[in-house]
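J.: Please put together the full structure from these sequences, using the hints given.
The sequence shown lines up with residues 1 to 367 when you count with my numbering.
Note that these hints are calculated values from the structure, not bench results. Any given hint could turn out to be false.
[Stated by the list, open to error] Derived pair list, reagent style DSBU-like, types lysine-lysine, alpha-carbon separation capped at 35 Å:
(1) Lys-218 <-> Lys-192
(2) Lys-144 <-> Lys-218
(3) Lys-25 <-> Lys-144
(4) Lys-85 <-> Lys-361
(5) Lys-46 <-> Lys-178
(6) Lys-280 <-> Lys-329
(7) Lys-178 <-> Lys-85
(8) Lys-245 <-> Lys-178
(9) Lys-263 <-> Lys-334
(10) Lys-178 <-> Lys-144
(11) Lys-59 <-> Lys-41
(12) Lys-346 <-> Lys-329
(13) Lys-41 <-> Lys-148
(14) Lys-192 <-> Lys-178
(15) Lys-59 <-> Lys-3
(16) Lys-178 <-> Lys-218
(17) Lys-361 <-> Lys-218
(18) Lys-245 <-> Lys-21
(19) Lys-46 <-> Lys-361
(20) Lys-361 <-> Lys-334
(21) Lys-218 <-> Lys-280
(22) Lys-144 <-> Lys-329
(23) Lys-178 <-> Lys-148
(24) Lys-3 <-> Lys-361
[Claimed, not checked] Distance windows between CB atoms, simulated:
(25) Ala-347 <-> Asp-223: 28 to 34 Å
(26) Pro-322 <-> Arg-155: 30 to 36 Å
(27) Leu-307 <-> Cys-65: 21 to 27 Å
Where a beta carbon is used, it is the ideal one built from N, C-alpha and C, also for glycine.
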Amino acid sequence: MGKLVALDMQASDLFLTNLLKAWDKGYSVFPLDQRLPQIRKEELVKTFGVSEIISISGKHRLDGCSMEPDDALVIATSGTTGNPKGVVLTHTAIRASSQITSSQLGVANGSDEWLCCLPVSHIGGFSVVTRALHNEVRLRMHEKFDAKRCEEAGRRTSTLVSLVPTALERVNASLFRKVLIGGSAASQSLPKNVIRTYGLTETGSGIVYDGVPLPGVKLQIRDGEIWVQTPTLFNRYLGDDVQMKDLQWFATGDAGFVDSNQKLVVTGRLDDAIITGGEKVWPNLVESELNSLHLFTEQVVVGRDDLEWGQAVTIVGVPLDPSITIDIKEIREKLNQVLPNYALPKAIEIVDELPRNAVGKILRNQV
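T.: Right under this line is the structure:
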């Protein structure tokens with residue numbers, strides 16, 4: 001049985017070297033989020049049963065748990081709704097994800113180069129590394145996202161990059177052959193070379209591109225919830241005896257439907273739904289339409305307790321121009337052309353910024 005090794009370092013050549021060494025020894029790796037305070041890192045190390053910590057300062061051995069032979073990676077979920085879980089992905093699942101993604105993108109090992117500028121502690125960043133490794137494609141790694149460095153890489157040799165919507169807004173996407181966008185709701189209007197992806201940590205990153213499942217991926221909608229069957233599926237949660245190989249389908253916890261073009265439309269997390277006047281409103285759909293009004297640099301739609309409606313659909317946003325008063329009546333009039341009356345926002349709350357995690361997801365439970 002192998003052990004779990006925590007890599008406590010930024011994305012770098014040193015990170016890559018230690019990753020490959022750990023895998024060569026049959027160990028599983030757990031990349032620690034470098035944005036976390038030390039006390040939080042220590043909590044995760046203890047909770048996940050890490051046996052060894054490797055940092056730029058050296059190695060520190062602990063009494064940890066044992067891992068299964070095919071276990072490759074443990075990723076802490078983003079924790080937007082509670083304490084993070086340890087998602088265990090196998091070498092088999094990671095290899096499958098790398099292969100179907102690269103096939104879909106037409107990746108060529110002679111001409112393409114992946115740019116990793118998302119945190120490697122999250123599946124969106126780590127999967128860039130494994131796509132490059134498994135397909136023998138050049139890899140460029142940045143310690144963190146920097147728009148200027150990202151564009152510079154695109155002008156030089158990088159042809160492929162994975163970003164979150166907030167990062168995409170700051171980068172000239174045309175500098176890259178393909179851009180994968182995920183992490184949170186993106187604007188409906190995207191450049192032709194930008195691919196909107198859907199996936200979870202549990203599915204080893206994106207498994208649906210522009211609404212279409214990747215080869216080998218199957219979808220079902222059950223009572224409004226997205227269920228998936230995929231060769232990229234994780235093995236188990238750390239500390240949980242239930243193994244995904246014993247289940248035919250995985251419930252994502254996401255709400256969605258298949259439209260008339262047979263494309264998947266993701267409407268949000270099931271527990272994000274706003275119930276107002278007995279009607280169900282999906283925040284993502286309202287946010288998507290709000291983007292077209294160009295009133296906020298960033299916004300989120302939430303439900304606020306309301307005596308009359310139960311919950312009132314409310315915009316919490318950072319105004320694009322703080323000197324201009326944003327009129328809720330004007331917003332309602334414009335949105336009423338594309339949304340039903342019950343989904344129209346009833347109030348606006350102006351803030352300086354919205355809380356986000358390391359990969360750009362808005363932390364709704366903190367708004």
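J.: Between Lys-178 and Lys-218, does the CA-CA distance stay at or below 35 Å?
T.: holds, 24 Å
J.: Are Lys-144 and Lys-218 close enough, with their CA atoms no more than 35 Å apart?
T.: holds, 34 Å
J.: Quick one, are Lys-218 and Lys-192 close enough, alpha carbons at most 35 Å?
T.: holds, 25 Å
J.: Could you say whether the range 21 to 27 Å given as a hint is met by the Cβ separation of Leu-307 and Cys-65?
T.: violated, 50 Å
J.: Hinted pair, alpha-carbon criterion (35 Å max): Lys-41, Lys-148. Please report holds or violated.
T.: Holds - the C-alpha atoms of Lys-148 and Lys-41 are around 30 Å apart, at most 35 Å.
J.: Is the hinted pair Lys-178 and Lys-148 satisfied, with a Cα-Cα distance of at most 35 Å?
T.: holds, 18 Å
J.: So does Pro-322 sit 30 to 36 Å from Arg-155, Cβ to Cβ?
T.: holds, 34 Å
J.: Sort out whether Lys-3 lies within 35 Å of Lys-59, counting only the CA atoms.
T.: The given pair, whose Cα atoms are some 14 Å apart, holds under the 35 Å limit.
J.: Mind checking the alpha carbons of Lys-46 and Lys-178 for me, to see if they're no more than 35 Å apart?
T.: The hint is violated at about 39 Å.
J.: With a cut-off of 35 Å on the C-alpha distance, tell me whether Lys-192 and Lys-178 pass.
T.: holds, 9 Å
J.: With the threshold set at 35 Å, check whether the alpha-carbon distance from Lys-263 to Lys-334 stays at or below it.
T.: Holds, because 26 Å separates the two Cα atoms, which is no more than 35 Å.
J.: Hinted pair, alpha-carbon criterion (35 Å max): Lys-245, Lys-21. Please report holds or violated.
T.: Satisfied, since the Cα-Cα distance of roughly 28 Å is no more than 35 Å.
Comparing the model with each numbered hint stated earlier shows that hints 5, 22, 27 do not hold.
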